[in-house]
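Novice: Read off the chains here:
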Amino acid sequence: MFSVDKKKLDDLLRAWAKDELYVPCKVGDITSFEVYGTHEIDLDFKNSRVPIKRIMFPESETLYRYESFPEGYKIEPEELDNQKRIIFGARPCDCAGIERIDKKFYQDPADPYYDARRKNTIIVGLACNKPPFFSCFCTSVGLSPHSTVGMDALFTDLGDKYLAESITDKGKEILKGLDEAPEDEIRKAKELHEKADRLLERFEIDNSAMDFDARIWEKEAQRCIGCGICTFLCPSCSCFTIENIGSTRKGKMVRIWETCQFPAYSIEASGHNPRPNRKERVRQRFFDKYRYSFDKFGEFDCVGCGRCVDLCPVNIDVREIMVSVKEAGR
Amino acid sequence: MSEWEPKILAFLCNWCSYAGADLAGVSRIQYPSNIRIIRVMCSGRVNPSFVIRAFQEGADGVLVGGCHPGDCHYVEGNLYARRRLSMLRQLLDFVGIEKERFLVRWVSASEGGKFADVVKEITEQVRKLGPIKEKWEA
Amino acid sequence: MSEEEMKTKIRDLLVEGKIKFFVGYEKGTNPFLARPVMISDENLEKVDDLEFSVLCSNNLTLYIIEDRKKILPRGVERDERPIGLVVKGCDSRAINVLLQENMIKREDVFLVGLPCEGVVDPNKARDVWYKRSDRLNPEDLEINEKGMFVNGEKIADFDEIEADRCRVCLHRNPVAHDELVWDEVEEPKLETREKRYEKIREYESLSPEKKWDFWKKELSKCIRCYSCKNICPLCYCEECSLAKDQLQAVSPEEKSRRVLWVGREVDLLDNLSYHLNRAMHLAGRCIDCGECERSCPVNIPLRLLYNEVEKNIYETFQYEAGINPDEEPVLTTFGSEEARNEECFL
Amino acid sequence: MKNPYLPNVVRLEEVTEEVSGPRAIKNFKVKKTFDFKPGQCTMIAVFGYGEGMFAISSSPLKELMEFGVLKMGVLTEALHKLSVGDQIGIRGPYGNNFPVDEWKGKNMVFVGGGIGITPLRACYSYILDHRGEYGGIDLIYGARSSNDLAYKKELFDIEKRDDVNIHLSIDRPEEGWEGFVGFVPDNLTRIAPKPDNAIALTCGPPIMIKFVVQNLEKLGFKPEQIYTTMERRMKCGIGKCGRCNIGDVYVCKDGPVFSLAQLQELPNEE
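Protein chains in written order, with our numbering: chain A, 1 to 330; chain B, 1001 to 1138; chain C, 2001 to 2346; chain D, 3001 to 3270.
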């Protein structure tokens, strides 16, 4: 446990900025993680609009390039991105999202592109003393405003100081040289954490009550416009498509973010689509978040960050639906 | 500008401006070689996404050649094109792709000389503006 | 006709089966937005809590297209009864554009007109709320045409949270309706049109470098989630040539003739190409319902692009989208004098 | 760390047109670049067009790999335009495989429709290479017309064998066709293979599988005896891109071969 005076934070960040350091910055009227020094840092932010998954799993990246030569095609894999990075100020829910994505991308056979970025990135989290959004519900999915899942180190804002806690040895390594935190600061941090927990109202998610053929999916999906914001901005969503860009002579295979809310996501060459309408697609998102990942990994694929609740243009609210699913189940 | 040569992409309508370009060639009229010509059946065939894609791929200027109003082989193709491409030109200008980079000119099959002037006109205008690659990579 | 009479009329239509379902607004869990609700004979009780207020931001005409695109299981007949929906001034112009383009017939819809004096932009209201940043529960928040109140105390007046499009709106009363929820409001004054294009002329006067810097910064934020396309009632193509998020089941030959003019990578130039193409696809059609800009998760000022095209079309052809359903769409016709006009650009 | 997305560039050794016309089927042969088990699939990349998942339709023992492709979309049309000597990319093998070892000694009933023959062919050619270790073989295969029957030459050769009975069928009567006329599920009921110590393996359009499974159960086949391969849109082939799930199971990784018993536990997305 270490203590960092807020006045000395800049020197610490400048030391870390030898590698590529991402900090939360105000860009227009939304917060986004940018390289330290390019934008004005803003540490009493709520949460970034696009989660930190974008740093390790970018919106589009090239997998390999091909070119045809007289003697035949040559395949040239894209060089792996081994740039050392530090992310400072990530919220606990986004870091938990990274841990969810780790589980999917490191499942055998592991994904080399994601692995190169992931193992060269140190994630330093910033606990929420007050839940940022009124739609936050991390305590209802087994996380908390100060959970350290997916993090290498956790900072807690004590007012004039930060309490820094290292979680992994990567965390220990970058916090080397900071002075030890006195007992009272550690106790104060613990109190702040408990206070933050109490501020969040918990509701119970009972995924055994989720019925695949229930009418609720049809009713809730009627409003859905299939825009996919709920999945693009979800810290733990990692679906993608692989597209060929270029001609037969020269081009590349590119991986691009995609969402299960698009019809083209599951349409087959014959034109048959196992998820033809909004109902099946909205249901797929709920089951993937709260049932399938729970059966496979024993934890929800949802981290309760509240983005999908806040930003859905037609207010499809996962909390409201999961509560009424539980009541319907009884 | 050092040795940079503007690259102009031209969509020439098959019945008038393409024939005009032919005539300019046949009668040995000199005109700048920066132009690359794509023959389309009518200026009305030019979809705004062709023009946007041309600029994206690095064309420094785009020229659309069509028949004089009233001479269109398909009677009204150039009239639709004019309305559509006028709006496109102002939209491109709005995002920073200067108006001088995108020209529409009516060149009939017998105006070889006019075709050469049009190519000179757009090449000089674009030369003053500099390569578009600089804008994209800036 | 008062709200109560309107609700009984809607209930009668549903009970008598004259309309397939009714799309209105209801209070949801997001206190800054009245969300769309489909009412059919199964959930008739919802007619009572239909909401007609400043929180009704969504453009409900989108759901006519959504219903049209629904894929029915084998052997199920499509229910051809009309759809009832609430339309504000801007939404009703979308109906006219759909009529002009023969996408719907007038008898396919039963329109409940909602004369409107401006709606709340949920993003703005939320930012005002979060500036207070203490854990208020949504119940004691009240938003009406005077502003935003918490337990009676005003925390923002109306034009701080009003949607930008409403400040420069020209058509407060629905241009197409079968009924009106309350009587018509007074239309905005004529010079509002100049106010409408004020901001755009500002941007037009910038130098090309400044213009490009602005759009470069804005368009690099785009993550290509296509919510601007999916929320737009006029973007109804079976298969969008710009987005490839929905594919038509057609023959292999047709599929292989699809040429992709807009790259699918999420980088500056492909984003620029996507947004410029969409602005051109909305030329002379966009009715400025503002839903694209509202739903954009990274706050790109999309309306600037579409209003620029709208301004140019109005100044060149004196044409306004969605006002007269019998008029030819502007880019699909030409004036007789244009055949003799030698000008290269209009 | 091995890069699972990189294809091996292989040359098309042989291209034979099995079915001509609008629903053409071509059989492509390439050098075997990885070993696989019957029922596994490979992701084929046609440079300039994209990638698609195709069942390997030959026995693993042959030194050339084969896959049958029905012209259905952009990628398959591009594949059909290629000729011998052109190059494609293939990566794999993906998915599970037919549990051929468990099926030793069983009577095999293959029920295929149209392009559904390709995964079956991988299985029955493997079994024909180990003919002694298996019981009776019934091959029921049908298509819209005689022209649409794929691998006709091979099937007529197999018909000459006495240890395999083949029952071909076409949907509508044609002159010069003496076989059964009608849909495959009806042909199956007509032949009525016995369920004891038997395994049924069916592939084809979803509507056909639905009725074949019903008729098999009527004939007394239990769900553990009925196997099929599932069709889904696939992009990565390694359980990452998330789109080919039925319930919490990925068809590209945990499938495509499923027993009816397994399928009945999964949610029924048609």
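Just so you know, these hints were derived from the structure itself, not from any lab. Treat the numbers as computed from the prediction; the structure is a model and nothing was measured. Honestly, I wouldn't trust all of these hints.
Below, simulated DSS-like cross-link-like pairs (lysine-lysine); rule was C-alpha separation at most 30 Å, straight line [stated by the list, open to error]:
hint: 1; chain 1: A; residue 1: K279; chain 2: C; residue 2: K2027
hint: 2; chain 1: C; residue 1: K2221; chain 2: A; residue 2: K130
hint: 3; chain 1: C; residue 1: K2027; chain 2: A; residue 2: K219
hint: 4; chain 1: D; residue 1: K3210; chain 2: A; residue 2: K252
hint: 5; chain 1: C; residue 1: K2027; chain 2: A; residue 2: K46
hint: 6; chain 1: C; residue 1: K2211; chain 2: A; residue 2: K219
hint: 7; chain 1: D; residue 1: K3032; chain 2: A; residue 2: K279
hint: 8; chain 1: B; residue 1: K1135; chain 2: C; residue 2: K2217
hint: 9; chain 1: D; residue 1: K3037; chain 2: A; residue 2: K296
hint: 10; chain 1: A; residue 1: K74; chain 2: D; residue 2: K3081
hint: 11; chain 1: C; residue 1: K2217; chain 2: A; residue 2: K74
hint: 12; chain 1: B; residue 1: K1120; chain 2: C; residue 2: K2211
hint: 13; chain 1: A; residue 1: K219; chain 2: C; residue 2: K2221
hint: 14; chain 1: B; residue 1: K1133; chain 2: C; residue 2: K2069
hint: 15; chain 1: D; residue 1: K3031; chain 2: A; residue 2: K250
Novice: Compare the structure with each hint and give your call.
Specialist: Each hint, compared with the structure:
no.: 1; hint: A:K279 to C:K2027; result: 22 Å, holds
no.: 2; hint: C:K2221 to A:K130; result: 28 Å, holds
no.: 3; hint: C:K2027 to A:K219; result: 16 Å, holds
no.: 4; hint: D:K3210 to A:K252; result: 40 Å, violated
no.: 5; hint: C:K2027 to A:K46; result: 25 Å, holds
no.: 6; hint: C:K2211 to A:K219; result: 45 Å, violated
no.: 7; hint: D:K3032 to A:K279; result: 43 Å, violated
no.: 8; hint: B:K1135 to C:K2217; result: 13 Å, holds
no.: 9; hint: D:K3037 to A:K296; result: 26 Å, holds
no.: 10; hint: A:K74 to D:K3081; result: 21 Å, holds
no.: 11; hint: C:K2217 to A:K74; result: 36 Å, violated
no.: 12; hint: B:K1120 to C:K2211; result: 27 Å, holds
no.: 13; hint: A:K219 to C:K2221; result: 34 Å, violated
no.: 14; hint: B:K1133 to C:K2069; result: 42 Å, violated
no.: 15; hint: D:K3031 to A:K250; result: 24 Å, holds
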